Structures are given as structure tokens and as C-alpha cells.
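Student: Single-letter residue listing:
Protein chains: 2
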Amino acid sequence: MKPVTKTLATLAITAPLAACTVGEERPNIVLFLIDDLGWLDTSVAFGEEVYPFNLRHDTPNIAALAEQGAILTSAYVCPVSTPTRTSIMSGMNAAHTRITNYTSVNKDWNPDATDTPSEKLDDTVERTDWNINGITPHGGLDRAVHVTPYPQILKDNGYYTIHVGKGHWAPNGTPAANPYNMGFCVNVAGQVAGKPRSYYGEENYGNTKDKWNYFSVQNMTEYYGTETHLTEALTLEAIKTLDYPIDNGIPFYLNFCHHAVHTPIHRDPRFFQKYVDRGMDEGQARFASMCEGVDKSLGDLMAYLEQRNVLDNTIIVFMSDNGGNSENLSKGGVRHTQNSPLREGKGSCYEAGIRVPMVVYWKGKVAASTRLNTPVVAEDLYPTILEMAGIEEYKTVQQIDGKSIVRLLTAGSKMAKEAMESGQITDQKQANNFVVPLSVSGIDPQREVLAHFPHQWKPYQLHDIDYMSSLRKGDWKIVYRHREQTLELYNIGEDITERNDLSKEREEVLKEMADALTAKLEGYDALLPTFRATGERVPMPNQLIK
Amino acid sequence: MKPVTKTLATLAITAPLAACTVGEERPNIVLFLIDDLGWLDTSVAFGEEVYPFNLRHDTPNIAALAEQGAILTSAYVCPVSTPTRTSIMSGMNAAHTRITNYTSVNKDWNPDATDTPSEKLDDTVERTDWNINGITPHGGLDRAVHVTPYPQILKDNGYYTIHVGKGHWAPNGTPAANPYNMGFCVNVAGQVAGKPRSYYGEENYGNTKDKWNYFSVQNMTEYYGTETHLTEALTLEAIKTLDYPIDNGIPFYLNFCHHAVHTPIHRDPRFFQKYVDRGMDEGQARFASMCEGVDKSLGDLMAYLEQRNVLDNTIIVFMSDNGGNSENLSKGGVRHTQNSPLREGKGSCYEAGIRVPMVVYWKGKVAASTRLNTPVVAEDLYPTILEMAGIEEYKTVQQIDGKSIVRLLTAGSKMAKEAMESGQITDQKQANNFVVPLSVSGIDPQREVLAHFPHQWKPYQLHDIDYMSSLRKGDWKIVYRHREQTLELYNIGEDITERNDLSKEREEVLKEMADALTAKLEGYDALLPTFRATGERVPMPNQLIK
Chain G
25 MKPVTKTLAT LAITAPLAAC TVGEERPNIV LFLIDDLGWL DTSVAFGEEV
75 YPFNLRHDTP NIAALAEQGA ILTSAYVCPV STPTRTSIMS GMNAAHTRIT
125 NYTSVNKDWN PDATDTPSEK LDDTVERTDW NINGITPHGG LDRAVHVTPY
175 PQILKDNGYY TIHVGKGHWA PNGTPAANPY NMGFCVNVAG QVAGKPRSYY
225 GEENYGNTKD KWNYFSVQNM TEYYGTETHL TEALTLEAIK TLDYPIDNGI
275 PFYLNFCHHA VHTPIHRDPR FFQKYVDRGM DEGQARFASM CEGVDKSLGD
325 LMAYLEQRNV LDNTIIVFMS DNGGNSENLS KGGVRHTQNS PLREGKGSCY
375 EAGIRVPMVV YWKGKVAAST RLNTPVVAED LYPTILEMAG IEEYKTVQQI
425 DGKSIVRLLT AGSKMAKEAM ESGQITDQKQ ANNFVVPLSV SGIDPQREVL
475 AHFPHQWKPY QLHDIDYMSS LRKGDWKIVY RHREQTLELY NIGEDITERN
525 DLSKEREEVL KEMADALTAK LEGYDALLPT FRATGERVPM PNQLIK
Chain E
25 MKPVTKTLAT LAITAPLAAC TVGEERPNIV LFLIDDLGWL DTSVAFGEEV
75 YPFNLRHDTP NIAALAEQGA ILTSAYVCPV STPTRTSIMS GMNAAHTRIT
125 NYTSVNKDWN PDATDTPSEK LDDTVERTDW NINGITPHGG LDRAVHVTPY
175 PQILKDNGYY TIHVGKGHWA PNGTPAANPY NMGFCVNVAG QVAGKPRSYY
225 GEENYGNTKD KWNYFSVQNM TEYYGTETHL TEALTLEAIK TLDYPIDNGI
275 PFYLNFCHHA VHTPIHRDPR FFQKYVDRGM DEGQARFASM CEGVDKSLGD
325 LMAYLEQRNV LDNTIIVFMS DNGGNSENLS KGGVRHTQNS PLREGKGSCY
375 EAGIRVPMVV YWKGKVAAST RLNTPVVAED LYPTILEMAG IEEYKTVQQI
425 DGKSIVRLLT AGSKMAKEAM ESGQITDQKQ ANNFVVPLSV SGIDPQREVL
475 AHFPHQWKPY QLHDIDYMSS LRKGDWKIVY RHREQTLELY NIGEDITERN
525 DLSKEREEVL KEMADALTAK LEGYDALLPT FRATGERVPM PNQLIK
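First to last, the sequence lines map onto chains G and E.
Quick note: the first sequence uses this note's numbering, first residue 25, plus one each step.
Quick note: the second sequence uses this note's numbering, first residue 25, plus one each step.
No wet-lab data here; the hints were simulated from the structure.
Treat the numbers as computed from the prediction; the structure is a model and nothing was measured.
With a straight-line cut-off of 20 Å between C-alpha atoms, the simulated PhoX-like cross-links for lysine-lysine are: (1) K438/E / K387/E; (2) K453/E / K438/E; (3) K219/E / K482/E; (4) K570/G / K535/G; (5) K219/G / K233/E; (6) K233/G / K219/G; (7) K233/E / K219/E; (8) K389/E / K441/E; (9) K235/E / K219/E; (10) K235/E / K233/G; (11) K438/G / K453/G; (12) K233/G / K219/E; (13) K482/G / K219/G; (14) K235/E / K235/G; (15) K528/G / K570/G; (16) K235/G / K233/E; (17) K233/E / K233/G; (18) K438/G / K389/G.
Facing chain G, from chain E, some residues (calculated, C-beta under 10 Å): (19) V129; (20) K179; (21) Y204; (22) Y238; (23) E246; (24) E261; (25) N272.
Built from N, CA and C at the ideal position, the CB exists for glycine as well.
Put together the whole structure using the sequences plus the hints.
Tutor: Below is the structure:
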């Protein structure tokens with residue numbers, strides 16, 4: 025970024041009213057959030073080794089970001105979109121917000137009832153009353169959680185806050201449907217829908233008489249009738265909104281939320297043919313082109329920031345809102361194997377559903393090419409972003425569950441870098457297992473990571489996805505299946521595939537983990553499913569231990 | 025507005041990066057543009073007297089604005105929406121841009137062909153190739169005019185530029201469909217459509233499966249399913265976008281373009297019943313409630329600006345984009361009389377089509393409660409707004425036809441005020457006829473005002489609307505009917521109703537005016553209709569003089 029004095033001098037010629045800084049220059053911050061991008065969907069290997077599926081998609085820009093920043097190898101979010109996005113916006117765990125499933129397109133609509141109606145399900149358990157109206161920046165809305173979104177705090181502290189793309193924090197008809205209520209100065213194409221009606225400019229992104237529904241994308245009318253894929257259109261729009269703050273030396277926060285790579289799996293014409301030529305089936309090639317599309321978007325954004333001389337002062341947080349979809353046939357390949365070696369995918373509390381790619385670029389603060397193993401969760405972003413912005417004091421109506429990972433990113437990455445330089449770390453496996461102690465990062469490397477999905481996802485039962493909770497602590501992970509009231513125990517460190525259930529062999533660990541999961545659920549006053557026959561809540565996990 | 029020092033001091037507590045001003049504080053500017061609001065549709069009497077139709081609608085806030093500002097009694101625009109809006113954005117006359125009709129919702133669609141197809145018309149003349157793709161901020165678009173929109177110049181000079189509501193500068197699929205390409209930092213609900221699909225929150229403003237079309241309103245999902253009339257929703261949104269610049273002491277330009285009071289004539293529930301109770305028919309009461317709705321919007325905006333202490337430093341330009349619709353049955357009343365005593369209405373070159381309400385509020389600069397008689401045209405807004413913003417030097421790709429009316433507003437209103445105080449002006453008629461000379465205002469009070477509509481408006485012929493041009497100069501006005509190749513001459517000063525055709529009695533004036541109209545059309549290289557039989561252009565008006 026240009027020195028402030030130069031910025032002011034340049035501005036003085038054209039603008040009588042210029043911006044002036046006091047003290048240290050504040051960084052710009054970009055949250056680059058991809059939808060449904062799996063842990064194995066990029067060429068960046070987040071695991072201990074490069075797995076075959078890391079080689080499917082060309083993502084050179086994400087790889088370049090990782091080379092210049094830190095890879096978070098244990099980043100966890102929720103199994104589906106809204107809980108992650110509302111956790112990010114609230115700083116609260118999804119079990120705590122009780123926003124545990126995706127919100128619908130209209131107020132008071134319960135997707136449990138509209139998309140997966142109980143009467144069509146032959147099941148023993150039933151969903152309970154979760155917060156179907158998502159979060160709200162105002163009070164007084166039923167079945168919604170009143171929160172102070174951090175973009176509001178950023179804006180109140182002089183940041184220029186921009187939202188682009190998918191919101192999915194709440195339904196239409198409620199305040200959080202509107203990014204202008206969430207603390208954003210600018211909203212481009214922000215909408216409540218969980219996916220776009222179409223990615224194709226040729227189809228007006230779903231805005232035609234025969235295609236229109238609530239998932240049709242807003243604000244993209246410039247590109248109607250063109251071959252511009254939605255990913256590219258959103259990128260062009262995001263860049264346009266940055267001119268104003270950069271021209272005027274105002275720090276910005278860009279909440280760049282791509283619809284890709286969520287269904288519908290619509291080819292990105294810039295990259296599709298390449299993957300066909302590599303022998304992929306139609307669905308795989310379409311999905312691969314979408315993954316490379318978001319990679320290109322990141323590259324285009326970074327090129328623009330560099331051209332404007334602000335890249336060095338811009339923090340970029342790259343991540344996904346949940347794991348890769350492994351049950352949708354349109355992605356091609358073989359169902360339920362899409363995230364191998366991780367088990368299952370989106371919707372599930374197995375690793376593939378909740379463990380996501382995450383990279384943080386922060387020049388001069390985050391040591392380049394480092395890997396950080398400490399678990400990071402969605403709700404950490406709230407205090408982290410505010411600390412990145414230098415905002416120390418702020419008030420919120422909600423209680424924040426997340427922890428700032430700024431020290432992990434800065435002191436932690438420095439420590440990891442030193443370990444690499446001193447020869448303590450010599451390969452990827454060692455790097456992935458390097459532990460930054462609590463005393464350095466401020467975050468317990470053994471912190472508990474909860475995932476909680478007391479729902480059926482689809483109109484048909486999915487054994488490894490529906491009605492699950494899980495808790496990871498260190499290498500151990502317990503999985504609770506609500507429908508069957510069974511517990512499983514895995515050692516993630518040794519068995520990342522979660523195929524070797526140790527619940528029988530390691531009963532003492534199972535009991536500890538069941539107690540921990542129970543305490544966590546009780547601490548958040550989490551909802552659990554009920555038995556249809558009795559209306560009783562399913563047992564807490566510790567009640568299942570004999 | 026708060027003193028700058030106080031603003032800075034307040035900001036310093038929370039914001040390390042605060043705004044600082046150099047020299048005189050620059051004013052905020054609001055263009056409050058109503059759609060289809062007729063000259064007689066407010067309680068402000070723009071004429072020499074208060075006509076009965078001035079008493080139909082309660083518009084206390086517009087009246088208050090007029091009391092604090094200047095009334096422009098001879099404000100002229102184009103007969104339909106797009107030509108006026110593109111004239112404003114380009115500073116060019118519509119005959120010059122050759123954007124003489126309303127643009128369609130999709131690129132390359134010609135409403136002449138889609139809405140009023142020639143084969144269905146039994147007519148002797150035909151429309152020619154006008155610029156159906158409107159204006160464009162980029163080059164390289166067929167049948168469009170490349171212009172530098174003034175919001176871009178404002179933005180480049182440090183203004184925070186906001187667009188809210190109807191754009192209608194160009195079709196979907198072109199750059200000007202997107203306000204972010206037009207120099208706006210923020211776009212709320214900006215769209216190309218000439219009207220909204222619905223004003224009703226209960227109908228999601230047209231966003232339902234059975235109602236959706238390209239006229240459905242974007243960005244209003246917060247209000248879906250509520251009783252919020254679109255006029256109110258847009259007002260709430262406009263106000264939200266102002267927090268950022270006001271909090272940070274940045275001058276703003278708000279391009280607030282209401283959809284109201286265009287068709288569909290959908291009741292504003294806040295005011296509807298009152299007008300029914302006064303004995304209006306259903307359509308009249310609906311229309312009246314919409315007029316009061318935009319008045320309320322103005323009041324709400326001004327109350328907000330006052331509460332934020334910036335009203336005194338905010339210029340408000342209130343006007344309409346064309347005359348009141350007099351041929352739509354849904355407005356109730358008697359067709360073709362809606363703008364009495366003015367002749368006809370929207371679409372026509374008679375006064376009711378092109379003469380519109382206009383008020384300018386500018387505290388300390390515009391003398392309050394004054395009336396200015398000098399003709400003002402749509403394209404004047406371009407240089408006027410830039411001069412108001414203190415921007416003296418700027419480059420445009422187009423040649424600007426309009427003239428700044430800043431001196432008319434400032435020195436002119438001061439002169440009018442002095443005439444009132446000295447007893448030279450004692451009543452409304454005298455005030456309406458008070459002449460500010462060229463030497464004071466910089467604008468010739470006898471300047472020529474061209475209107476040009478070489479089109480058929482509706483799928484049926486409208487004798488007093490279709491295929492017309494007119495020129496006003498001083499009190500004289502010539503009207504050229506292209507279809508019949510006839511000329512009419514009126515003395516507007518004595519006969520505002522345009523019922524007394526003096527073309528036979530005053531042949532020497534007719535000839536002068538025909539020459540003036542011809543020169544103006546030729547000067548702009550204006551399009552004229554062609555004869556179907558021969559393909560020849562209809563004659564220039566001076567060719568019709570024997």
C-alpha cells in the first residue's frame with residue numbers, strides 16, 4: 025500500500041475532502057468464503073500428505089496464497105451453510121445459537137417441514153424447534169437470535185464494509201435478509217438463498233419467466249445474456265466496490281461470499297473443457313471448472329489489490345462454509361467418496377462434513393508457508409477479524425463463544441517458521457503435527473471442537489449424515505448418532521478416515537469423550553431430537569455409557 | 025451539520041482513520057426524482073394561480089421544501105422516462121442522444137417493435153433507429169451513447185455516491201444496467217425496468233412464482249410479506265445508506281429515484297382511506313395515496329438529515345421525470361384531463377407531458393419562498409450538480425448541452441426575494457412572471473426548450489401524444505405533429521391550456537418558431553419518423569411553411 029502521506033498528497037489534487045490516518049495504518053480484511061468447497065478440493069494439501077484428490081483441480085492462486093500465508097490444517101465449521109455463516113456473524117457456536125440447519129427463503133418457513141416433511145419420513149426421531157429465522161440484528165423476532173454482527177462494529181469504527189454474494193443468515197422477510205442491516209455499507213447480490221438458481225449469464229442467473237424462483241440471483245443484470253459465469257460476475261462486482269475505499273485511503277472489509285462451488289453444478293466455461301480433456305466425466309469436469317473458477321476469482325482479486333498497491337496491507341482469510349458435497353449425483357464420480365480419505369461430506373459430522381480448507385495471508389504478520397495444527401472454528405472469525413482491525417473494545421448483545429486466533433496466526437506461525445528453519449520440521453507430516461502451545465497462541469491445542477446437526481438433511485435418510493453430533497479433542501473424536509443412539513470413537517491422528525471405531529477397545533476414552541460432549545451440549549443448552557413415539561428428548565451421550 | 029472540528033473530535037475516539045476537510049465544507053446533494061408526477065399532482069402551485077387540481081393531494085413536505093427553497097415554475101423534461109433520465113446522466117438533450125423513447129428490459133429489444141409493433145398499427149409513418157440500448161459508461165455498444173456520467177465525476181472527486189430505485193438508463197445486458205458502472209459507490213434496488221411489478225410488500229414487489237417478470241423489484245427481500253409499500257421500503261433503505269458518509273464526514277450524493285407514482289397504481293396503505301373518505305373513486309384514491317407516499321418519503325428523509333445535523337448542508341433537488349399520466353384508466357378520474365389546466369400528459373409534447381414540478385432547497389444559497397420563471401431542462405442537472413459540488417474542471421466523452429442553473433438558483437432567487445421585499449412582486453402571478461435577466465443568472469430567460477418524441481407511445485394511436493416535437497421560446501410554443509405534418513402555435517403565457525392555436529393568426533411568429541425548431545432539430549441531428557410508403561423522412565417543420 026502507498027504510504028499514507030503519498031495517498032494524501034495524491035488526493036489533495038482532486039479531493040478537498042481527503043482521508044487522514046492517525047497512528048498505524050489499519051489493514052484491509054477480506055473474508056473469501058467458498059460454499060461447499062471440500063478439504064480435498066484444492067491443490068493445497070491440508071493433510072499430512074498429498075492425497076490423490078488434491079491433484080484433481082488446478083488451484084494455483086489458492087496455492088500461491090498458502091505459500092505466502094499460513095495453512096490452518098484443522099479448521100472446523102458446521103455441517104451445512106447457515107449454521108457456519110451465522111456462527112461467523114455472531115461469534116457463537118451453532119449449538120448455542122440453535123441455528124443448526126439451513127434457513128429457508130421465507131420467514132417462518134421450516135426447511136425441516138418444507139423440504140424434508142416428517143410425514144414422508146419413516147423415522148423414529150423428530151427435529152425440534154430450532155431457530156428457523158436465523159440471526160437478527162434487531163430484537164423482537166421469533167425463532168431468531170438477536171446478535172450484533174461484527175461488520176457493524178467494523179463500520180462503527182471507520183471500516184468500509186462490503187458484502188458480496190451469498191448471505192444465508194436468515195430468511196426473506198427478516199432484517200438479516202438485508203446486508204444493510206448487518207453493518208454493511210455496500211451490498212452486491214446479497215441474498216438469503218442457499219444456492220443460486222443458475223450460474224449461467226445465458227440464463228440470467230435464473231431470472232427468466234420459466235426459471236425464476238427465490239434462488240434467482242439479484243443485482244447481476246449487467247451480465248444477462250452473456251457467457252459470464254456467476255463466479256466471474258461476482259468477482260467483477262466485488263472489485264468495482266473497492267475503488268471507493270482504496271481511492272480515498274479508507275480501510276475496507278470485504279465479505280466475499282461466493283455461491284460456488286454449491287449446486288447446481290454448472291460449468292465455468294473458462295475451465296470446463298480442460299477437465300473433460302483430462303478424462304473426467306461430465307459432472308466431475310463441471311465441478312472442477314467451478315473450483316478453478318473460485319481460484320481464478322481469488323487470483324483476480326489479488327491482482328487487482330496488487331495493482332492498486334494495497335495487497336501488502338490486506339489480510340485475506342480463505343475458507344469454506346462446510347465440507348464438500350458427497351451425496352449429489354451431479355458432481356459426477358462416485359457418491360459418498362468425493363472427499364476421500366475423509367469420511368462422507370457436507371451435512372455430516374464426520375471429518376469431510378466439517379473440516380475445511382483454510383488459509384490466512386497477512387504480510388509481515390503471518391509467516392509464509394507455515395502450517396498451523398491448532399483447531400480453529402467458525403465462531404473464532406468474529407473476535408479474530410475485530411482484533412485484526414485493531415478494535416479492542418466493543419459491545420455485543422450476544423455472548424461470544426469464539427476466540428481470536430490472531431496470536432496463533434502471528435506468534436504461532438513465527439514459531440512454526442523457526443521450527444522449519446531450525447530443522448525441527450522437515451516434512452509435511454511433521455509440519456502438520458507441530459503444536460503451538462497455549463502460552464504462545466492463547467488457544468489450547470487440545471481445545472474441544474463441537475459439531476451438532478440434529479436434523480435430517482435430505483428428503484431421504486442418509487445414514488452417515490443425519491442426526492449426528494461429534495466432539496474432537498486432540499486426536500480423539502466421539503460421534504453420536506441420535507437416530508440409533510450409538511456412540512463411536514475415532515483416533516483422528518492415526519485414522520483420519522474414521523473407519524476404525526475404537527469405542528469398544530477404548531471404553532475409558534469413550535466415557536471421557538461422552539462426558540465432554542455432554543458437557544458441551546449442556547453448556548450451550550443445545551437442542552437434541554425427540555422420539556416420535558414419546559416426545560422425549562433422545563439421551564445425552566453420557567447416558568448411553570453403561 | 026456539525027462543525028468539522030467537532031466531527032473529527034468525535035471520530036477520534038472510535039476511529040483512528042477519520043475524515044478531514046480542506047477549505048469550505050462541501051454540500052451533500054440529493055436528487056429526489058419522482059416518476060410520472062404531474063405539474064398539478066402536489067399542493068405546491070407551480071402555475072400563476074392555485075388550480076383546483078392542486079388541492080387533490082396532501083403534500084405538506086413538498087410544500088415545506090418549497091417554502092424553504094425556490095420553485096422552478098418552468099422546469100421541462102422529456103415526455104417519457106428514459107430520455108429524461110439519460111439526459112440527466114449525460115447532460116445531453118434527448119434529441120442529441122437519440123434516446124427518444126423508453127428503453128426495454130433487455131439489450132437490443134426495441135419497445136417500438138415489442139410493445140407497439142408496426143404490423144399492428146394502421147399508420148402512415150414509422151419510427152426510425154433510435155438508441156434502444158440507452159447510455160453506456162463504456163464504449164463499444166451498438167445503438168447506445170457513450171457518456172461519462174456525472175456520478176463518476178462526483179465519486180472521483182471524493183463524493184460518496186448512492187443510487188436508490190429506478191435507473192432506466194439502459195437495458196439489462198449492458199453496462200449502464202449496473203449503477204456500479206455509473207459512478208455509484210452504492211446501489212440499492214437500482215434496476216432498468218420502467219416500473220415495478222408491484223408496490224406491495226405482501227406481493228414481494230412482484231417476486232413470486234406467478235407474478236415475477238423483469239419488472240420485479242430487487243434488493244427488497246427484508247420487506248417480503250409485510251405491508252411495507254415500495255415507496256416506504258426505498259426510503260428506509262436510502263436512509264440506511266447515509267449512515268456511513270454522515271458518520272465519517274464524507275459529502276454524499278444521493279440519487280433517490282422513486283418508482284412511484286408510476287403505474288401500477290397500487291395504494292399506499294398509510295394514506296389510501298383518507299382519500300376514499302373524501303369521495304375519490306378507487307383509482308384516484310390509490311393515486312393520491314401514492315403521491316402522499318412520496319411526499320412522506322421526502323419528509324422522512326429530511327427529518328433524518330435534520331436529526332443527523334446535516335440538513336442545513338444538504339441541497340435537495342425535487343423533480344419529476346415527465347408529466348402525469350393522463351391516459352391510464354387505473355388512475356381513476358376522467359382520461360386525458362388529469363393534468364388540467366395543462367393539456368394532455370405523459371408522452372405528449374403538450375405542457376402536461378413535459379412540464380414538471382421542481383423545487384430546489386439549498387440553505388443559505390437559495391432564497392426561501394421564491395419563484396424562478398427561467399426555463400430549466402433535464403440536461404441542466406449535469407453541470408448544475410457538479411457546480412454545486414464545487415467541481416470546476418472535469419472531462420467528459422460527450423458534449424454537454426445543459427447549462428448550470430446555480431447562478432439562477434442563487435443570484436436569481438436573491439433578486440426575486442428582493443423584488444418581493446421591495447413590493448415589486450406582490451402576488452403569485454407576478455412572482456411567476458418575474459424575469460431574472462441573463463446577466464444575473466447566466467441563462468437566457470428566452471432560451472429555447474425542445475421536446476421531441478418521434479414515436480408512438482402505446483399499442484393504440486393517441487392523437488395528442490404520439491409523434492410530436494415542440495419548441496418553447498419565451499411565451500411562444502410551436503407544436504409539430506409528425507403523423508399529420510401539421511404545425512400549431514400557442515402563446516403559453518396567455519394560454520397555458522394550449523387550446524387556442526394561433527398558427528393562422530400569427531403566421532410570422534409561426535415561421536420564426538418553425539425555423540427555430542428546425543434549427544434545433546438539425547443542430548442535434550435529431551431523428552424524425554419516416555413515411556411508410558416511401559421510406560422518406562417526414563419534412564422538417566420549416567418545410568411546412570408556405
